[in-house]
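A.B. asks: Please take these sequences and the hints and turn them into a complete structure.
Chains A and B, in that order, are what the protein sequence lines are. Here the first sequence stands for residues 65 to 235, numbered as in our numbering. Here the second sequence stands for residues 31 to 496, numbered as in our numbering.
Just so you know, these hints were derived from the structure itself, not from any lab. Worth double-checking, as some hints may not be accurate.
Each computed SDA-like pair below joins lysine to any residue, with the alpha-carbon atoms no more than 20 Å apart [said to hold, decoys possible]:
1. B/LYS344 / B/LEU386
2. B/LYS232 / A/GLY152
3. A/LYS142 / B/GLU293
4. B/LYS232 / A/GLU147
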Amino acid sequence: MSELTLTVMRLGFLAVLWLFVIVAVQVIRSDLFGTRVTQRGSRRTANDARPPQARQNAAAPPQQRQQPGRQRRGAPTKLVVSEGSLTGTTVALQGQTITLGRAHDSTIVLDDDYASSRHARIYPDRDGQWIVEDLGSTNGTYLDRTRLTTPTPVPLGAPIRIGKTVIELRK
Amino acid sequence: MSVVTNTTTIGAIDAPSRRNTELMLMVFAVAISVFAYANVGLALNGELPSGMLGYGLGLALLGGIGHLAVRRFAPYADPLLLPLATLLNGLGLAIIWRLDQSPRFQATENFVPAASKQLLFSAAGVALLVIVLLALKDHRILQRYTYISMLVALFLLILPMFFPAVNGAKIWIKIPGVGTIQPGEFAKIIIAVFFAGYLMVKRDALALASRRFMGLYLPRGRDLGPILMVWAFSILILVFETDLGSSLLFFGMFVVMLYVATERTSWIVFGLLMSAAGAVGVATFEPHVQQRVTAWLDPFDGWGKLAASEQMAKSLMAFGSGGTLGTGLGQGNSDLIGFAANSDFILATVGEELGLAGMMAILLVYGLIVERGVRTALAARDPFGKLLAIGLSGSFAIQVFVVAGGVMGLIPLTGMTMPFVAAGGSSVIANWALIGILLRISDTARRPAPTPAPSPDAEMTQVVRP
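C.D. replies: Shown next, in the form of C-alpha cells:
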C-alpha cells in the first residue's frame, strides 16, 4: 500500500467523521428553531395545553396591585405551603390577592379532594395587613384550629388549613 | 381578566417523526465504520480485510434492527440517538479489531481476540434496546418501582465486594461458564430510576432554603440527609471496591439530579466539596487509589517502577505522537500500552491514530448524545421523565468525562470504560439499554400533544364527615 493512498485515506476518514458530526448538528438545528408563532384568538385549547405550573403564574390577577413602599417592617413577604401535595411551593406577596382553590385560574391551584373550586382568598387590607377570607367553601378554612366565618387578619407563621393543605405567611 | 396584551402563542411545530432522517444517518454511520475497518486492513496488510463483509453486514443488521424497532415502537423518538450510538459502537469494533491484529498486543498475557466477542455483545445490547422499547410502553411505569430499584441497585453495587479483586478493583463478579459481569454499569441505570422517583416527590422540600450566604441559598440542615447518605455510600464503594470511577459516577449523578430538581446552585457547591473531601480522604490510606494518584501527578516519574504510572505515561505519549491529524488507522503504536489498551485506554488509540481532529469528533459525538438526552429532558412533559432523562444523560456525560479525563491525565485514572467504544460486554449492553430508555422518553416527549384533560372544576368536592 503506497504512502500516498494511506495519507489520502487518513485525511479522508477524518473528513468523513467530521461530515457526520456536521450533518448531525444540522439535524439538531432544525429541532432548535422548530417553533411557530400563532395568533391567539379566543381559543382556549392553546392555553390548556400548557403545563399547570405556567398556568398558575400567568393566572395571577394583574389588578389590585397596591403601591409599593407600603410594606411595613415585619410584614410577611411570602406565602409558603408547608403541608399537603404542594409542600414547598412559595408565592411572593406583592400586594396582590391570592386565590386558593381547585379552579384553574386560582393563584395556587390546590390538588386536594377536600378543597372547593374557589375556596379562600388572602389579600392585604388598606394598612397592608394580610386578611384571609373563606369564599363559602364546602369544608371550611381554618386559621389554627378555628373555622373562619369572617375575614380574619393572618398573623405571621399561623397555619391556614384548607383540606389537607397547610399554608403559612413568612418573612 | 380584563385586558389581554399577549395575543401570540409560541409552540413547537408538530414534530414529524423524522425516522427517514434517522435511517439516512444510520447508513452514514455504518458506512463510516466500514471505512474505518477497511482502512485498518489496508494499512496493516495492504489488502481489504477478509472479515469486512461480515463485520459490515453485522453492524448494518444491528443498526437496521434498532431502526426498525424504533420505527415500530417509538415512532416519534429522537432521530439522532441511535445513529450516534451505532457510529461509536462501529468505530469501537474497528479499533478493537485493529488492536487484535497487533502482534505486540497479542504478546501480552491474558490476550484474547475481543472484536468478535464485542460484536456479539453489541448484538445483545441492541436486543436489549428492542426489549426495552417493546416492554416499556411508557417510562412512567418505572416510577412505580422507585424503591425496588433502589434495593436492586444497592444489591448490584454491593455484590462485587464478595468477589476477588481484578486488577486492584472489585467491580466485577465472576459467574463460572458465563464470564465476568460489571454490575455497576447496570446499577447506573437502575439507580437513576430511584433518584428520579425519589427527587420528584421530595424536590419541593429539598428546595426550601434556610438562609442566604455569599449569594447561595443554603439548604436546611435536615435536608442534608439524602445527599449525606449517597455520599457515605459512594465513599463506601471507594473504600471497599477501591473504584474511584463508580463512586464518582453515583455521587455525581445524584448531585446533578438534585440540582436539576431543586434549581439550587448550593447543592453543586456542596457536592464538589464533599466529593473532593471524600476522594482526598480515601486516597490517604487506600493504596490502590494512592497508586492512581501518583500515576496522575507524575506519570513519567514512575517509569519502570510502577506499572500504573508507566501505562499512564505510554497513554500520554500515544496522544502526543498522534499530533493534530493522527498517524492513520492501523499505523500507530498505541498497542504498546499493553494491558487494557482496548478497554480503559482505547481512547489513546483514537488519539494517536486519528489525532486531535478525530478525538474531537469522537468527543463531539459523545457530546451530541448527551445533548439529545438533555433536550429530551427539556421536552419531557412529566417531572419523572425529565429527571430520569437528565440522570441518564448526566451519568453518561460523567462517565465520558471520567474516562477521557483519566486517560488524558486531567484527573486520576479510574477503572471505567468508554461507553460503546471500549471492549467490555457489560458496558456495551448497559449503554444500549440506556439509549433505549432515552428513546422511549423522547418518543413520549415529542409525540404530538394529547387532548387536554377534562377540567377538575367540574368534579365534586368531597365533604369531610366528622
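A.B. asks: Evaluate each hint against the coordinates.
C.D. replies: Evaluation of the provided hints:
1. B/LYS344 / B/LEU386: It holds: about 17 Å lies between the C-alpha atoms, which stays within 20 Å.
2. B/LYS232 / A/GLY152: 9 Å, holds
3. A/LYS142 / B/GLU293: 19 Å, holds
4. B/LYS232 / A/GLU147: 12 Å, holds
The structure fails none of the hints (numbered hints given earlier).
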